[in-house]
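A.B. asks: If you want the building blocks of each chain, they are given just below.
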Amino acid sequence: MTNQNTLSHVDLETPEKPFLDANELVINMGPQHPATHGVLRVILRLDGEKVLGLECVIGYLHRGVEKIGEHRTYTMFNPYVDRMDYVAAVSNGLGYCETVEKLLNVEAPPRAQHVRVILTELNRIASHQLWLGTHALDIGAITPLFYTFRDREEILKIYEKYCGARLTTHAFRIGGLQYETYAGFEKEVKNFLNFFRPKIDEYEELLTTNRIWLERTKGVGKISAQDCIALGVTGPVLRASGMKWDLRKAQPYACYKNFDFEIPIGQNGDTYDRYLVRMVEMRQSVRIIEQALGALPEGPIMAKVPKVMKPPAGEVYHSIEAPKGELGYFIVSDGSTQPYRVRVRPPSFVNLQALDLMCRGQLVADVIAVIGTLDIVLGEVDR
Amino acid sequence: MQSMLHITTLHYLVLGAALFLLGVIGVLTRRNVVIVLMSIELILNAVNLNLVAFSHYWQSMPSRLGGGPTALHGQIFSIFVITDAAAEAAVGLGILIAFFRNKETVNIDEVNLLKW
Amino acid sequence: MAPVATPFFFYLLSALMLVGGILVITRKNPVHSALALITTLLAQAAIYLMLYAPFVAGVQIILYAGGIMVLFLFVIMLVSIDRSIKERQFNSQWLIGVVAATALGGLLIAVYTKGASLFPGGPVTVAAEGDNTQRVASLLYGQYMFSFEIASLLLLVAIIGAVVMAKKRI
Amino acid sequence: MPDETKSPSQHPPQGDSKPSAEKPAAPATPPKPAAVATPAAKPAAAPPKAPVPTPTPWDSPMIAKLRRTYGSGIEPLTYAGQNYIVVDRSLIPELLYVLRNEEKFDYCVDITAVHYPQREKQFDVIWVLYSFPRNERIRVKAQIADGATLPSSVPVWPAANWLEREVYDMFGIKFEGHPDLKRILLPDGWQGHPLRKDYGILQQDNQWVQINLGIESGQ
Amino acid sequence: MREFIQYITSYLGSNQTPGTAGNIFWVVVYVLLVFTGISLGVIAMNWLERKILAHMQVRLGPMRVGPHGLLQPFADALKLLLKEDLIPAEADSVIFWCAPFMVVLAAFTVFVVVPFGPTHAITDMNIGILFMLGVSSLSVLGIVMAGWASNSHYPLIGALRSSAQMVSYEVAMGMAVVSVILMTSLNAVGTGTLSMIGIVQAQLAQHEWFIFKFFPLGLIAFFIFAVAMVAETNRAPFDLAEAESELTAGFHTEYSGFRWSLFFLAEYGAMMAASSIAVTLWLGGWLRPFPNMLAGAGWDQLFSFIPGASFLFLAGLCFYSTARMPKHPYFRIQTIGLAGFGALLGLVGLILFIPPVRAWVQDIFWFSAKVAGFMYLYIWYRGTFPRYRFDQLMKMGWKVLLPMGLGILILTAGVALYQQNLWHP
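Residue numbers (my numbering), protein chains in the order written: chain A, 1 to 383; chain B, 1 to 116; chain C, 1 to 170; chain D, 1 to 219; chain E, 1 to 425.
Derived by calculation from the structure, the hints in this document are not laboratory data. Please note that the accuracy of each hint is not assured.
[Said to hold, decoys possible] Pairs of lysine-lysine, DSS-like flavour, derived with a Cα cap of 25 Å: (1) E:Lys51 - E:Lys79; (2) E:Lys399 - A:Lys50; (3) D:Lys104 - D:Lys65; (4) A:Lys244 - D:Lys104; (5) A:Lys257 - A:Lys244; (6) B:Lys103 - C:Lys86; (7) A:Lys218 - A:Lys257; (8) D:Lys121 - A:Lys67; (9) A:Lys50 - E:Lys79; (10) A:Lys218 - E:Lys79; (11) B:Lys103 - C:Lys167; (12) E:Lys83 - A:Lys222; (13) A:Lys187 - A:Lys157; (14) C:Lys28 - C:Lys86; (15) A:Lys161 - A:Lys199; (16) A:Lys218 - E:Lys399; (17) D:Lys121 - D:Lys182; (18) D:Lys104 - A:Lys249; (19) A:Lys199 - A:Lys187; (20) A:Lys199 - A:Lys218; (21) E:Lys395 - C:Lys167; (22) C:Lys167 - A:Lys50; (23) D:Lys65 - A:Lys67; (24) C:Lys114 - B:Lys103; (25) D:Lys174 - A:Lys67; (26) D:Lys182 - A:Lys67; (27) A:Lys50 - B:Lys103; (28) E:Lys51 - E:Lys327; (29) A:Lys244 - A:Lys218; (30) D:Lys174 - D:Lys121; (31) A:Lys199 - E:Lys51; (32) A:Lys222 - A:Lys244; (33) A:Lys157 - A:Lys199; (34) C:Lys167 - E:Lys399.
Work out the full structure: start from the sequences and follow the hints.
C.D. replies: So, in structure tokens, the structure goes:
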């Protein structure tokens with residue numbers, strides 16, 4: 001058997017030697033640290049400022065979501081998935097609902113699917129905004145955070161009006177939607193898009209050509225597409241490495257195949273490319289929402305699903321393109337009202353594995369930048 | 001008592017000598033290389049003190065003896081000594097780092113191999 | 001700046017210097033030694049001011065206290081000192097060292113007592129610092145130009161030497 | 001009609017174990033015990049009209065090729081439009097290498113497990129694979145008994161590292177050759193593997209909680 | 001008694017600084033005045049930084065304690081003083097204890113030679129600028145002590161970063177300063193000066209702020225200094241020593257309460273000190289705008305009204321805000337407080353119109369106004385820039401600023417020599 005360990009440029013097994021052999025510094029970054037985006041603990045081995053290696057310790061937020069799923073009915077479990085990636089709750093819900101719909105062999109009606117796409121893409125924008133703000137904050141630019149939060153508020157207002165919740169929305173139901181859109185929904189979303197388009201330019205004005213930003217992000221945390229694939233890294237990180245792969249295009253779900261949008265890719269796979277990719281993704285999301293609003297059909301919002309859901313015995317894996325990467329659900333049904341096993345394939349968890357590879361040989365400050373650029377949410381990493 | 005209240009050049013010289021002795025004791029007795037290097041700084045400072053004190057003394061002398069307000073040769077020399085101290089500290093600490101990297105100690109007793 | 005209460009400040013500063021010096025050679029922890037040395041150096045800068053050598057005082061503060069001592073502290077933090085603190089502090093020939101130093105001290109005292117008559121008993125009167133810096137400058141860049149250049153060469157050599165010594169791979 | 005013939009009778013909750021009925025020769029996989037995990041739920045659950053979908057065999061050039069090599073060791077099935085292969089445990093490292101190197105399944109999406117306490121081979125370990133060149137998903141499933149080990153797939157896909165650690169953490173399945181097999185989400189000294197069916201949802205390692213958190217119980 | 005009064009009054013009307021005149025009483029008075037002023041400045045800076053930063057970031061900043069959060073700094077100071085003063089068990093307690101004082105001392109001693117006016121300085125040293133650079137470089141010792149004594153990794157890394165950074169940028173800073181000193185030598189005598197007052201007087205004599213001297217040489221030197229001084233004071237975008245996203249709080253991670261507030265005080269003190277150097281060296285120190293072009297009694301008269309007018313303007317702003325306050329009993333105290341503050345400012349403004357005071361505060365006002373401009377720049381940087389990484393910071397110090405500084409120094413020397421030769425052929 002050939003050894004197909006494909007991690008190219010770094011040998012993760014052999015530790016690097018420090019400058020002064022006796023003086024290797026072991027630093028515990030987190031779990032209480034302002035820049036680890038939650039309760040991630042990173043044990044850094046440093047030679048001065050240079051990172052010799054690191055180990056992630058996770059699980060501080062472990063709530064046993066998968067176990068809970070086995071003890072709740074399909075409908076009851078739906079709100080729980082919102083709590084994993086709490087900044088992209090709508091995407092989580094979409095993935096879960098579609099998976100169960102697959103098990104039930106039903107499909108949401110077109111209007112529901114369009115509304116789902118609108119809300120999910122709004123959610124992608126919101127998630128990327130939060131990422132941008134915190135990432136910039138980590139790198140020391142404190143102002144973009146407030147700008148992004150100001151604009152994210154508008155999205156949350158739409159959510160609040162639609163379903164009453166802002167963060168953990170529980171917007172979708174298995175089989176479609178619970179609520180019809182409120183009066184003026186389309187107009188408000190349209191207003192938001194018009195409001196938001198110049199805001200992206202504003203963010204870019206602050207950062208894209210900023211010399212310090214360029215120096216801090218270019219060439220930092222490089223990862224090749226090959227390494228990304230080997231480590232299972234997906235989402236904007238993979239795309240920034242030059243791999244044109246997006247589940248919305250590769251294996252379209254909901255009604256994404258009706259919409260015309262681009263998949264942004266980068267060339268270098270560094271932090272700056274990931275930043276650019278996400279910025280373009282926000283613009284593309286605006287595009288998708290616009291098309292979805294234009295093509296929003298009339299009709300029912302709920303497919304015919306039984307009140308007591310008992311999917312036939314079987315198992316299904318379904319994944320969607322969450323803002324952070326491939327979010328997959330693997331649900332095993334035994335024909336009863338409760339799933340026999342729910343497995344979530346969280347993008348943050350898998351992407352976080354690449355941290356070691358991306359940080360080797362870089363400086364402490366780059367670890368922060370890379371954690372930021374991976375865009376992890378610890379609620380999803382630990383589940 | 002009178003001699004205690006008038007600070008003469010000799011006072012500075014005695015202070016310099018005391019500092020010098022402290023430095024010598026430090027160099028001769030300590031094992032830690034860093035402290036030995038610091039003791040050398042003490043010695044250099046004692047010398048500097050003497051130089052500046054003498055320069056001060058010379059400024060009060062008549063100019064036919066080479067004194068006068070422009071007789072600042074001692075101060076010039078002390079500036080050179082400070083320069084030298086900086087060079088010495090840089091090289092000495094460089095050697096110390098190289099030594100520490102190889103032997104993992106800062107003990108001067110172990111610097112007797114002339115190789116590593 | 002007219003001198004005020006010269007004897008008082010002289011004795012205060014010399015006490016500071018001597019205590020600092022003693023602490024330098026007796027402390028276990030090199031960081032404490034370094035701080036004691038900084039105290040000594042700053043007190044000495046003040047004594048330079050009393051000797052109407054403000055420029056040397058300034059150089060002393062900038063170079064010694066601000067430069068060399070920071071370098072020392074930097075290196076102390078770079079090399080781990082935990083072990084050396086626990087070890088024996090004085091080497092085996094410490095007795096000989098003290099005896100030799102005492103002998104040297106005796107010699108110096110002898111020289112001073114013999115030569116004390118050379119120095120005037122009263123305070124030295126010098127015009128206030130005035131344009132001390134300008135005079136130092138004209139000497140440094142006039143009469144001592146060559147030495148000055150040699151000193152700069154020495155510094156260059158020291159820089160290269162330090163880099164060669166400390167860097168693992170050049 | 002279909003619902004009572006198929007599901008309630010001998011069909012364990014698992015989709016894959018049923019093939020024993022239509023499978024030509026179930027080689028290494030022993031016939032699943034007919035003991036049903038949650039039998040009570042079945043009859044009432046039956047949706048009124050739609051026939052219950054069941055996994056059906058599928059075929060493709062790839063499968064044909066694999067069949068030539070491994071014969072009856074693999075069993076390709078499809079369910080709800082998703083393909084998976086049930087493989088014999090003894091084929092595990094080899095088949096994964098073949099899938100990765102020859103069939104270009106270069107992306108290991110997920111590794112997970114399912115626990116069937118009533119079965120003799122209690123665990124299904126599932127690899128979810130994806131091929132970028134083919135834009136195709138496949139699942140590989142192997143059954144192992146409690147206490148048995150599996151060869152690690154970290155040499156095949158580095159991504160498997162944390163995923164296998166999580167499977168170990170949650171199910172106690174050991175992977176041989178894993179570079180650093182230790183708990184990942186639960187603390188190191190924790191007793192028990194929470195995603196096993198015999199681990200209650202309110203259960204916890206009281207001893208660990210008392211020692212490390214200094215409280216009687218986390219409940 | 002009479003002798004004492006005579007001793008005190010003997011200084012009045014002298015055209016020297018009290019230190020130069022050797023008048024201990026007035027030295028003490030000046031020291032107290034300067035340090036009170038600096039402390040007030042720090043308090044004002046604290047409030048202004050929050051408010052300005054907040055308004056840059058589309059939020060309001062402190063609004064609750066006092067009208068527009070005016071009392072927030074005092075509330076914070078009170079909180080900090082009442083907080084428990086923790087010393088970690090494994091820390092080196094002596095060094096941990098004295099490190100903050102070292103930093104504060106270094107930051108505040110610098111003001112001994114800062115000239116707020118031709119006579120408004122504590123003393124005028126022959127080596128003024130050298131003294132300022134030297135003493136301000138001592139604060140790095142305090143930072144290193146703090147970082148090391150905490151016996152913790154984040155502070156240690158912060159201290160190492162900070163010391164390396166300050167030592168590196170001092171070199172570039174020195175080059176920029178030396179080029180200014182060369183400019184001061186362009187006079188009939190042909191010798192320059194290191195004295196702070198002398199430098200400003202040279203600018204007056206040469207009818208030019210040194211920032212415009214030998215354009216663009218002076219400007220570039222000023223730029224080098226302006227960058228280096230931000231790095232020296234550990235402020236954004238060079239705040240690596242206390243980069244909160246990397247090192248939590250850098251060298252003062254383990255500090256709390258009073259000792260922490262000392263670091264805070266020292267940071268702002270150092271900022272003001274560095275700004276004062278920049279103002280003195282390049283922006284004409286206490287000189288009012290266009291002292292040569294718009295010379296004459298009339299112009300003097302006009303400019304002498306500006307201090308009072310600016311205070312009246314601030315008072316007007318206060319009253320405007322008062323008028324816009326919500327008319328609700330809940331806000332009554334705040335409204336009264338704001339009006340009172342406005343009245344206070346207005347009163348100060350009116351006092352500044354009284355002729356003797358008017359002449360007296362002229363220099364101090366212009367100096368403070370220029371320093372305040374620099375303070376605004378500091379806040380602006382913080383709101384705008386991301387943070388540099390350590391190696392980039394070093395690279396910039398050694399590979400960009402230092403060569404630039406050397407080049408500027410050589411060019412300035414060349415041009416100055418040329419002009420000297422014109423002077424003394």
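A.B. asks: Run every hint past the structure and note whether it holds.
C.D. replies: Evaluation of the provided hints:
no.: 1; hint: E:Lys51 - E:Lys79; result: 20 Å, holds
no.: 2; hint: E:Lys399 - A:Lys50; result: 21 Å, holds
no.: 3; hint: D:Lys104 - D:Lys65; result: 14 Å, holds
no.: 4; hint: A:Lys244 - D:Lys104; result: 17 Å, holds
no.: 5; hint: A:Lys257 - A:Lys244; result: 16 Å, holds
no.: 6; hint: B:Lys103 - C:Lys86; result: 17 Å, holds
no.: 7; hint: A:Lys218 - A:Lys257; result: 34 Å, violated
no.: 8; hint: D:Lys121 - A:Lys67; result: 21 Å, holds
no.: 9; hint: A:Lys50 - E:Lys79; result: 38 Å, violated
no.: 10; hint: A:Lys218 - E:Lys79; result: 42 Å, violated
no.: 11; hint: B:Lys103 - C:Lys167; result: 16 Å, holds
no.: 12; hint: E:Lys83 - A:Lys222; result: 45 Å, violated
no.: 13; hint: A:Lys187 - A:Lys157; result: 13 Å, holds
no.: 14; hint: C:Lys28 - C:Lys86; result: 8 Å, holds
no.: 15; hint: A:Lys161 - A:Lys199; result: 22 Å, holds
no.: 16; hint: A:Lys218 - E:Lys399; result: 19 Å, holds
no.: 17; hint: D:Lys121 - D:Lys182; result: 23 Å, holds
no.: 18; hint: D:Lys104 - A:Lys249; result: 20 Å, holds
no.: 19; hint: A:Lys199 - A:Lys187; result: 19 Å, holds
no.: 20; hint: A:Lys199 - A:Lys218; result: 23 Å, holds
no.: 21; hint: E:Lys395 - C:Lys167; result: 17 Å, holds
no.: 22; hint: C:Lys167 - A:Lys50; result: 15 Å, holds
no.: 23; hint: D:Lys65 - A:Lys67; result: 39 Å, violated
no.: 24; hint: C:Lys114 - B:Lys103; result: 49 Å, violated
no.: 25; hint: D:Lys174 - A:Lys67; result: 20 Å, holds
no.: 26; hint: D:Lys182 - A:Lys67; result: 20 Å, holds
no.: 27; hint: A:Lys50 - B:Lys103; result: 22 Å, holds
no.: 28; hint: E:Lys51 - E:Lys327; result: 23 Å, holds
no.: 29; hint: A:Lys244 - A:Lys218; result: 20 Å, holds
no.: 30; hint: D:Lys174 - D:Lys121; result: 15 Å, holds
no.: 31; hint: A:Lys199 - E:Lys51; result: 23 Å, holds
no.: 32; hint: A:Lys222 - A:Lys244; result: 17 Å, holds
no.: 33; hint: A:Lys157 - A:Lys199; result: 17 Å, holds
no.: 34; hint: C:Lys167 - E:Lys399; result: 19 Å, holds
Violation of the numbered hints given earlier is confined to hints 7, 9, 10, 12, 23, 24; the remaining hints are satisfied by the structure.
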